[in-house]
Amino acid sequence: QVQLVESGGGLVQPGGSLRLSCAASGLTFSNYAMSWYRQAPGKERELVAIITKTGGTDYADSVKGRFTISRDNAKNTVFLQMNSLKPDDTAVYYCKARWLADYWGQGTEVTVSS
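Just add 616 to wherever you are in the sequence shown, counting from 1, and you've got my numbering.
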């Protein structure tokens with residue numbers, strides 16, 4: 617049974633930082649491309665960042681230069697380092713694993729507010 621469990625969300629002031637983690641189990645993690653999505657209230661879910669199984673990365677224009685995605689295959693975990701956070705970054709953040717099928721986590725909430 618595949619499980620993705622996100623953690624690290626919370627309330628942070630504008631300009632602050634957070635590091636999200638997504639721990640995977642029940643799959644061969646190194647075979648999967650991993651990505652982070654987010655969904656703000658009243659908006660559609662959008663892709664934030666992706667990291668391939670070989671370590672290639674790509675980012676949404678809105679987070680380039682501020683967010684960094686990384687993975688630790690030994691720990692079956694993908695990370696999202698978020699710096700210089702803005703109120704527009706407020707959303708529920710989800711991780712997704714993609715290979716032969718897509719798997720989603722339950723999400724972790726990030727609120728950027730003073």
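Don't read these hints as lab results, they were simulated from the structure. Check before you lean on any hint, since a few could be wrong.
[Claimed, not checked] Each computed EDC-like pair below joins lysine to aspartate or glutamate, with the alpha-carbon atoms no more than 16 Å apart:
1) Lys702 / Asp718
2) Lys669 / Asp688
3) Lys669 / Asp704
4) Lys659 / Asp704
5) Lys702 / Glu725
6) Lys680 / Asp718
7) Lys712 / Asp677
[Stated by the list, open to error] Estimated spans, in silico, between C-beta atoms of each pair:
8) Gln697 / Val621: 14 to 24 Å
9) Trp720 / Thr684: 30 to 40 Å
10) Gly626 / Gly658: 17 to 27 Å
11) Thr644 / Pro703: 15 to 25 Å
12) Ser729 / Thr644: 37 to 47 Å
13) Val621 / Thr673: 32 to 42 Å
14) Thr684 / Thr727: 19 to 29 Å
15) Ser700 / Gln617: 34 to 44 Å
16) Gly658 / Ser623: 17 to 27 Å
17) Trp720 / Ser686: 16 to 26 Å
18) Gly671 / Ala717: 15 to 25 Å
19) Lys702 / Val618: 14 to 24 Å
20) Ser700 / Glu725: 30 to 40 Å
21) Leu663 / Leu716: 31 to 41 Å
Each residue gets a CB set at the ideal place from its N, CA and C atoms; glycine is no exception.
Right, here's what the structure says about each hint:
1. Lys702 / Asp718: Violated - the C-alpha atoms of Asp718 and Lys702 are around 29 Å apart, more than 16 Å.
2. Lys669 / Asp688: Between Lys669 and Asp688 the Cα gap is close to 11 Å, so the pair holds against 16 Å.
3. Lys669 / Asp704: Given that 16 Å is the threshold and the Cα spacing comes to 29 Å, the pair is violated.
4. Lys659 / Asp704: Judged against 16 Å, a Cα distance of about 12 Å means the pair holds.
5. Lys702 / Glu725: Holds, at roughly 14 Å.
6. Lys680 / Asp718: Status violated; Cα separation ~24 Å.
7. Lys712 / Asp677: violated (19 Å)
8. Gln697 / Val621: 14 to 24 Å: holds (18 Å)
9. Trp720 / Thr684: 30 to 40 Å: violated (21 Å)
10. Gly626 / Gly658: 17 to 27 Å: holds (21 Å)
11. Thr644 / Pro703: 15 to 25 Å: Violated - the Cβ-Cβ distance for Thr644 and Pro703, about 38 Å, lies outside 15 to 25 Å.
12. Ser729 / Thr644: 37 to 47 Å: holds (39 Å)
13. Val621 / Thr673: 32 to 42 Å: violated (22 Å)
14. Thr684 / Thr727: 19 to 29 Å: holds (20 Å)
15. Ser700 / Gln617: 34 to 44 Å: For Gln617 against Ser700, whose Cβ atoms are near 37 Å apart, the range 34 to 44 Å holds.
16. Gly658 / Ser623: 17 to 27 Å: Holds: the Cβ-Cβ distance is about 25 Å, inside 17 to 27 Å.
17. Trp720 / Ser686: 16 to 26 Å: Once the Cβ atoms are compared, 20 Å apart, the range 16 to 26 Å for Ser686 and Trp720 holds.
18. Gly671 / Ala717: 15 to 25 Å: Holds, since Gly671 and Ala717 (Cβ atoms, about 22 Å apart) stay within the stated range.
19. Lys702 / Val618: 14 to 24 Å: About 33 Å separates the Cβ atoms of Lys702 and Val618, which means 14 to 24 Å is violated.
20. Ser700 / Glu725: 30 to 40 Å: For Glu725 against Ser700, whose Cβ atoms are near 19 Å apart, the range 30 to 40 Å is violated.
21. Leu663 / Leu716: 31 to 41 Å: At roughly 20 Å between Cβ atoms, Leu716 and Leu663 fall outside 31 to 41 Å, so the hint is violated.
In terms of the numbered hints stated before, the structure departs from hints 1, 3, 6, 7, 9, 11, 13, 19, 20 and 21, listed from lowest to highest.
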